[in-house]
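Chemist: Here is how the chains run, residue by residue.
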Amino acid sequence: MFNPAQPGFWSDRRVERLLGAVACLVLLLIVGMIAFVFAKAWPSFAHNGLAWFGGGGDLDRQLEDIFNSPSNPADYVYELRAWPLLWGTFVVTAGAVLIGIVFSLFAAIFIVEFAPPRVAGLLEPVVRLLAAVPSVVYGLIGILVIVPWVGEHLISLERKESVANVIQLDGSSIGVGIMILTIMIVPIMIAIVVDALRAVPRSWTEGASALGVNRWRVTWSIVVRTARPAIVAAAVLATARALGEAIMLSMVSGSASFAPNPIDGITFLFEPTRPLASALVENVEGLTVVPFGQTLFAFAAVLLVSSMFLSLAGFVAKQSMRKYGVQP
Amino acid sequence: MNATAERAPALPTRATPRDSVRAWPLRDQVGYFLAWGAGLALIAIAGSIVAYMAYRGAQYFDLSLLFESPNAEIDQSASGGFKDPLIGTAMLLVMSTLIAAPLGVAIAVWLTEYGRPAGLARAVESAIEIVAGTPSIVLAMFGLILFQEWFGFLTFDAEGSTLGRSFIAASAMMSLIALPLVVGATRESLNAIPRHVREASYALGKTKAATIRRVLLPAARPGIGTGAALGMGRVAGDTAIVVILLGSTLQIINGGDGDVFGLFRGTGSTLTSYVYLNSPAGEGLAPEKAYFAAFVLMCLVIVLNFAVTRLARGRKPQWTR
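Listed in order, the protein sequences are those of chains A and B.
Heads up, the first sequence is in the numbering used here, so the first residue is 39 and it goes up one at a time.
Heads up, the second sequence is in the numbering used here, so the first residue is 269 and it goes up one at a time.
It is possible that part of the hints are untrue.
Some chain A residues near chain B, calculated using beta-carbon distances under 7 Å [stated by the list, open to error]:
hint, residue
1, 50
2, 58
3, 61
4, 68
5, 71
6, 153
7, 172
8, 252
9, 256
10, 285
11, 343
12, 346
Derived from the structure by calculation, the hints contain no laboratory data.
The structure displayed is predicted, hence computed values, not measured ones.
Where a beta carbon is used, it is the ideal one built from N, C-alpha and C, also for glycine.
Next up, chain B with everything else stripped away, as it sits in the complex (with noise of 0.2 Å):
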C-alpha cells in the first residue's frame, strides 16, 4: 500500500471523502439496492429455468428418442419419441430462411441504398415494423385461409378437402416472423458501412449494382448472419404457426406420392408442436417426453443464440481505423 502510495506522482487528493452509497439519502439508497434486487433477480429466474429444464432434460435424457417415430399412444412405451418433430423443425427453419433471407435482404438493400419514392420507402419500412409486431397467431390464421382458399395445391390434401396445411403454408408464414429481424439487423450493418467505401467503387467505374453485389453485401456478411440467425431461433420457438399451419398430426405424412415435394407438401410437427400437444394443455399423453423434447428445444435455441453473438462479434471491416 505504502509503496505504490510513494512511487504514485503526487496526485491531487480528495476534497470530500469517496461517494459511498452509505453516505447517500435513504431514498436513493432504496433505489440503488432495487436496482441490485432486479438483476440478481434476473439472473436467479434464468438459473432456476436452465437448471430446472436441464434437471429434467437429464431425469428423462434417452437419446433413442431422438430416432423414433412418434405414435398417439398412451402406453408410454408404445408412443415413441421424437424424430418427426427434429426433421419438421429443421425443414421449417431451412424452408423459411430460404424465404426470409432473400427477401429480408433485397428489401434493406433497397430501402438503404435506393428509397425512392420516399413515401414508397416509408410504407414499407412502416409495413415491416406492422409485421413484426403482429401477433403469429394471426400470421397463423391469415395463412391458412390464404393457402386454403388460393394456394391449395401447396397444401396437404385431406381425402379431397383442402385444409390449408403444409410445411410450404407454415415455413411461408413463418419467414413472416423472421423477415422484420433480417431486414433490421442488414439494414443496421448497410448504414454503419461509411459513405467513402461506396465512393470509392464508384470512382473506380463501378455501377451502383456492382457495388452492392461485390462491395456492400460482403461487408453486410455478419449483419446478415445475425439476422437469419435471430430469426432462425424465432421461428424454432414459434408454436402458434406450427399448432394452425400443421395441425395437430404428430407424424410427417407425406401430402404427394412420397416424392420431395410430396414432403413439402405435407404435413407434421415441430418440437414445439410436439411439447405443446403432449402437455396437459393438448392430449397431454406423454408430459415426460414434452420435457425432454423442450429441453432439446431449449438446446437448439441456445446454439443459435450463440451462434447470433459469434457473427455480430464477426471480423471488423477493413476500413475502420
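Here chain A stands alone, though its shape is the one from the complex (with noise of 0.2 Å):
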C-alpha cells in the first residue's frame, strides 16, 4: 500500500510517473495563464476589433469612460484605440535594443578578443552586476537623478515652449526611458554573444590568423559572422525582456498616453510616452472594475503573445547555430 519510506517503493515507474506529473502540472499552469488571460481579454478585442490596435481619441479619456461603465454588464464600455500605449512600447524597446545591440556586441568582441586578461576578468563581474540591479534601483536613480538633470539642463526653455500646448516636457521622456532600459538589457545581450564568440573553434580563426590577415579582421569576418544566429537570439530575448519593463519605465517614462511624434525632431526624444506594461502597473488598482479588467487583461495578452513569440524565436535562432558544429 501507500507508504514511502518501505524499501523498494520508489520503483523506477512510480518516480518516472510522479516527476512527469510534476512536469504536467506546471505545463497545465503555464497553457492554462496563456488560455486564462485570453479568455478575459476578449471582451476588449471582440468590441473594438482591429481598431483596437489603431488610434484616435484620448486614451486617458477612453479609460476612465470603461472605469466608470455602468455596473449593468449590457452597458460596459469597451470603446478603445490603443495606439499611443502600443506606439510608446515599440519606440522605447526598439532604441534600445538596436543601441544596445551594437554596444553588447562591440563590448562582447572586446572581452572575448581584445581586453587585457585583468580587464576582462573585471569584466565578467560587472556584467553580472549590472544584470543584477533591480529594475526599481534603475528607476530610483532615474527618477531621482537623471530626469531633473535633463529637464533642467537639456531641454531648453524654447523646447519647452514649443510644444507647451500638447505636452509637458520635464525631462521624464523617451529618451531617458531607451538610455536606462538600454543598461538593463545589455547585459543579458552580452552574456548570450560573449558565450556564442568564445563557442568559435580556435582552429578556424588561427587559420585565418596564418594568413596574414589582422586580428580585428578575424574577429568581425570569421567569430562575429559564425556567431551571427546569437546575435539574433540576443537581440530577441532583450526585446521580451525590455516588453516586459514595467517598472522602470513607468518611473521614468512620464507615464503619459502620448504618442510622440518623430517629425518633432530631437524633441521627440525629450517628449513622455507610456508603454504597455507601465500602464498596467500604473492602472492595475482598477482591475475589480469588470471591463476595465478586461481591458487591463488586453494589454496583457498583447505582451504574452509579444514576449511568446520572441523566447520561442530566441530559442530557435540559438539551436541555428549547430550547423555550423558550434555548440551554443
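Combine both chains into one complex, guided by the hints.
Modeler: Structure representation (C-alpha cells):
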C-alpha cells in the first residue's frame, strides 16, 4: 500500500510518473495562464475589432469611461484605441534594443578578443552586477537623478514652449527611458554574445591569422559572422525582456498616454510616453472593475503574445548555430 | 634583454613585423577602438552606479531604520524604517525558493533522465522557455485573478472582500520567475555528468530512481544551488509582482488570527515595493529612506550574485580527469 518509507516503494516507474506529473502540472499551469489571459482579454478585443490597435481619441478619457462604465453587464463600455501605448512600447523597446545590440556586440568582442586578462576578469563581475541591479533601483536613480537633470539642462526653454500646448516636457521622456533600458538589457545580450563568440572553434581563427589577416578582421569576418545566430537570439531575448519592463519605465517615462511624433526631431526624444507594461502597473488598482479589468488583460495579452513569440524565436535562433558544428 | 635572448633556444625569426594596431587599415582601427570604448564604458557605468548608490547609502546611513516599522507619515522623523519590508523580502525569498527549487529540480530530472513521451517533453521545455520570457507584470495579474477567484482562502481578507493579495500568492508567482533558472542550471549540470557514471551505477544493480537520488542529484548540487541563487536574485529584485500581489501597504498585516498561517495569508511589503512606493513614482514620502533601502537591496542582490559565483565554481566532480 501507500508507504513511501518501505524499501522498493520508489520504483523506477513510480518515480518517472511522479516527476512527469510534476512537469505536466507546471505545463498545465502555464497553458492555463495563457488561455486564461486570453479569455479575460477577449471582450475588449471583440468590441473594438482591429481598431483596438489603431489610434484616435484621448486614451486617458477612454480608460476613464471604461472605468466608470455602468454596472449592468450589457452597458459595459469597451471603446479603446490603444495606439499610443503600443507606439510608446515600440519606440522605447526598439530604441533600446538597437543601441544595445551594437554596444553589446562591441563590448563582447572586447571581452573575448581584445581585453587584457585583468580587464576581462573585471568585466565579468561588472556585467553580472549590471544584470543583477533590480529595475526599481534603476528607476530610482532615473527619477531622482537623471530625469531632473535632463529636464533642467538638456531641454531648453524654447523647446519646452514649442510644444507647451500639447505636452509638458519635464525630463521624464522617451530618451531617458531608452537610455536606462539599454543599460538594463545590455548585460543579457553581452552574456549570450560572449558565449557564442567563445564557442567559435579556435582553429578557424588561427587559420585566418596564419594567412596574415589582422586580428580585427579575423574577429569581424570569422568570429562575429559565425556567431550571427547568437546575435539575433540576443536581440530577440533582450526585446522580450525590454517589453516586459514595467516599473523602471513607469518611473522615468512620464506616464502620459501620448504618442510622440518622430517628425518633432530632437524634441521627440524628450517627449513623455507610456509603454503597455507601465500602463498595467499604474492602472492595476482598477482590476476589480469588470470591463476595466478586461481591458487591462487585453494589454497583458498583447505583451504575452509578443514575449511568447520572442522567447520561442530566440530559442530557435540559438539552435541554428549548431549547423556550423558549434555548441552555443 | 640580451641575456634572455642568448639563453633562449634559436626561434624562427619573424618574417613580417608584429601585427600592430597602428599598421591596420583605418576601418579596422575604428572597430578596435570602438570595442575598447564599449568595454570601458561598461566599467564606467557599473562603477558610477555602485559609487552613487554607495554614496547615497552612506549619506543616509542609519542602522536604526532596519529595526523600525514603516509608517505612512509625511514627517520624516515619524515615518519609521523598513523592518517590515526586510522581513517581507526574506519571507518571499524563502517561500518562493521552497516552491521553485523542488519543482524545478523535478522537472529538470524528468526532462534529462526520462523525457518520454518526447512530444510532452518538448511541450514542457517550451512552456518553461515561455515562462522565462513572460513579463512579471503579466504573471502578477494572472496571480491576482487566480488567487481572487479560486484560492481566495489563501489570501488576505479585507473586511469580507477577497483581494487576491497575500504572501502566498506573491511567492507562488515569484516562484514562476525563479523556476526557469532552476530548471536551466539543473539540466546543465545533469547533462555535464558523463554517461559512464550512470552506467557504473546501473552495473552495481542500482535502479534508475536510486541512481538519480544517490548519484546524479548529489553531483548536480552546485548546479541546483546556482539556479536557486540566481532565482533568488531575480525574486529579490522584482517589483511588479510585489506591488500588485501585496498591494501598497508598507506594514506587514497578519491575515489571520495572528498565527503563522495568518502571516503567510497576510500582506506586507518588500524592499523593492518600499523603494517604489517611497520614490516620487509612488507616494514619494521618503526619497532619502528609499535611497538607503535601495542600497540595502543592492547589497543583498550583490551578495546573492557572489553566492552564484562561488557555487558555480564549486568542487570539481570526482570523475573529471
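Chemist: For the hint on residue 71/A, just tell me whether its beta-carbon gets within less than 7 Å of chain B.
Modeler: holds, 5 Å
Chemist: Double-check residue 153/A for me: the hint is only fine if its C-beta lies closer than 7 Å to a C-beta in chain B.
Modeler: At about 6 Å, which falls below the 7 Å cut-off, the nearest Cβ of chain B leaves the hint on residue 153/A intact, so it holds.
Chemist: Does residue 343/A pass the interface check with chain B, least Cβ-Cβ distance below 7 Å?
Modeler: Violated: closest Cβ of chain B sits about 10 Å from residue 343/A, beyond 7 Å.
Chemist: Against chain B, run the beta carbon of residue 285/A and see if the smallest gap drops under 7 Å.
Modeler: holds, 4 Å
Chemist: For the hint on residue 50/A, does the least C-beta distance to chain B fall short of 7 Å?
Modeler: Given a least distance of 5 Å, the restraint on residue 50/A holds.
Chemist: Is the shortest C-beta separation between residue 256/A and chain B less than 7 Å?
Modeler: Residue 256/A check fails; min Cβ-Cβ to chain B is 10 Å, beyond 7 Å.
Chemist: Restraint: residue 252/A near chain B, CB-CB cut 7 Å. Satisfied or not?
Modeler: OK, holds: residue 252/A within 7 Å of chain B, min 5 Å.
Chemist: When the nearest CB of chain B is found for residue 172/A, is that gap smaller than 7 Å?
Modeler: holds, 3 Å
Chemist: Minimum Cβ distance from residue 58/A to chain B below 7 Å?
Modeler: holds, 6 Å
Chemist: Does the CB of residue 346/A sit less than 7 Å away from some CB of chain B?
Modeler: For residue 346/A, the interface hint holds, since the closest Cβ of chain B sits about 5 Å away, which is under 7 Å.
Chemist: Given residue 68/A as an interface hint, is its Cβ closer than 7 Å to any Cβ of chain B?
Modeler: holds, 4 Å
Chemist: With chain B as the partner, please determine if residue 61/A meets the hint condition of a C-beta pair closer than 7 Å.
Modeler: Since the shortest Cβ distance to chain B is 5 Å, the answer is holds.
Of the hints listed earlier, those the structure fails to meet are numbers 9, 11, in rising order.
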